[in-house]
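Novice: Here are the chains, one letter per residue:
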Amino acid sequence: MTLNETLVRLSQVSVDFHGEQTTVAALRDVDLEIHSGQYLIIVGSNGSGKSTLLRVIADDVHPTRGSVYRAPALTRSGSTSIVTIRQNPAQNLAARLTVAEHLMLAGAIGSGALPWQRLRVKKGTADAAAYLHVLSDAWTAVPTQLAGELSGGQKQLLALAIALTIRPLILLLDEPTAALDDQNAHHFLTALRKAQSATPMACVIVTHDERVTSTNEFQPCRLAGGSIVSPSLLQQRISEESPT
Amino acid sequence: MFLIITLILLYVPLAAGVVLTFRVLRFPDLTIDGSFTLGAATVAVFALHGSPLLGILIAPAAGAMAGAATASLYAFGRLNKLVAGIVVLTALYTLTLRLMGAANIQLITTPTVLTFTEERLGSSGPLSAVAVAAAGVVGVLGIASRTVGGLALRATGDNSAFVRQLGKSERGYLITGLAVGNALVALTGAEVAMFQGFADVNMGVGTLVTGLTVVFLGASLVRSEAPTPTLLSGLVGVSLYMISVQVALRVGVNPIDLKLATAALLCLIILLMRHNKDVVVLLDTE
Chain G
1 MTLNETLVRL SQVSVDFHGE QTTVAALRDV DLEIHSGQYL IIVGSNGSGK STLLRVIADD
61 VHPTRGSVYR APALTRSGST SIVTIRQNPA QNLAARLTVA EHLMLAGAIG SGALPWQRLR
121 VKKGTADAAA YLHVLSDAWT AVPTQLAGEL SGGQKQLLAL AIALTIRPLI LLLDEPTAAL
181 DDQNAHHFLT ALRKAQSATP MACVIVTHDE RVTSTNEFQP CRLAGGSIVS PSLLQQRISE
241 ESPT
Chain Y
1001 MFLIITLILL YVPLAAGVVL TFRVLRFPDL TIDGSFTLGA ATVAVFALHG SPLLGILIAP
1061 AAGAMAGAAT ASLYAFGRLN KLVAGIVVLT ALYTLTLRLM GAANIQLITT PTVLTFTEER
1121 LGSSGPLSAV AVAAAGVVGV LGIASRTVGG LALRATGDNS AFVRQLGKSE RGYLITGLAV
1181 GNALVALTGA EVAMFQGFAD VNMGVGTLVT GLTVVFLGAS LVRSEAPTPT LLSGLVGVSL
1241 YMISVQVALR VGVNPIDLKL ATAALLCLII LLMRHNKDVV VLLDTE
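Residue numbers (this note's numbering), protein chains in the order written: chain G, 1 to 244; chain Y, 1001 to 1286.
Take the hints with a grain of salt, since some may be wrong.
In silico SDA-like pairs for lysine to any residue, Cα to Cα no more than 25 Å straight-line [to be verified]:
1) K1259(Y) with L1007(Y)
2) K1259(Y) with A1091(Y)
3) K1081(Y) with Q91(G)
4) K1081(Y) with A95(G)
5) K1081(Y) with D60(G)
6) K1259(Y) with Q1246(Y)
7) K1081(Y) with G1167(Y)
8) K1259(Y) with L1271(Y)
9) K194(G) with S81(G)
10) K1259(Y) with P1028(Y)
11) K194(G) with T6(G)
12) K1081(Y) with A90(G)
If you are wondering where the hints come from, they were derived from the structure by calculation, not from laboratory data.
Full structure from sequences and hints, please.
Specialist: Next up, the structure:
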């Protein structure tokens, strides 16, 4: 995978949700391209269509109108090409599994291990410690601790460590810092940017958290009423990232 | 003592199966009552037709299909977990009756795997046979828990959305888990039918309550969620349960009242342990 290769392209995508009485237009005529190595922040208020946009990118929701192009690498069987980190830290982990077990599972999935293959316990534990140390100096949990006993910030950092271990082509983050205090939000965003800049992985963050936009050097793309209202900024971001 | 050890070993696969479905996968699987009878019926019919060894192999496979059916109805048909189990349980009643051709099959004079071991090894034959089965089940599950699939299955029981987020099929793991769990229950049913010398279409009634009592007894004493202690909790639970049953019979409890006594014991354990978060979490299966 080379930098700036198109992974997903949304062309005039609209999504309608049909209720009993009304139809809600969650997305309207959205044009969006996601490239490898891209760091895209999409801001918008509640109900602006942010989460629906992520679900379309993740192929969880099919557009009512418009088309979605996906790079062949995304649909390759046996690999996990898109990973989502959600707002609620508890949703991103299995509470009864230890930190090391999460990393072992992620490492196995990332390396394409088959279900009947033996877990590499020592390597998993080492990976856990190494990744979490890289992610944050603030990490104080031990690998044998249960994920359910971690703080919200630690859970999100562990979710990020899992995502990075799996090495997806696209990492989707749905309000990842909403449940975190300022210090943990800062740790999370710094760790995310540091890790992402070293890989060809594309990151798409949807948020209404101003800390996300203030921490990063990139101008966000704005979503309102289901439409992208500042495409010029988006184009600017893409052109800035293009290799010269 | 000899009898108690044999009974404990007989029910080890059942304990492992219920621990897998209820404790690991958090699935209140009502299919278990039907799988137990299906396993007993299968081994009885095969023994009657002169293939007792084939019967002991086919019985778990039949149980696995029943478990997979329940899991599929839940995962793909979007039926509630309890409703999916009830639907398959009801269907199994007819299927088992059709398979047996009668409500009861006597095996007293029919050669089975247990009578074969008794002929070869004397009175310790059946004990040896069920010990081998129990050790095999525990060994295979112990190895499976240290595989990638075993860990993913545990994660599925904990948070299926997490497994889906990782790009893996949580449905696949759920179906596999329930299939294995019901295969183990059917194996127990088959062993019990051979041990008792008959298979009856109603012999599975109460199996789930027995299994749950085993799970709760074990969980109240062995709290860890790690694979080995979880498996160990099933062994501890089944041992305590079987000893309790034998003590109850010795002090004069009528065998007819055993299911009532088991249900009461289960309620008592839950009431006594209701403030223990490790036990409370077992009741929250949605």
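Novice: Which of the listed hints are broken here?
Specialist: none
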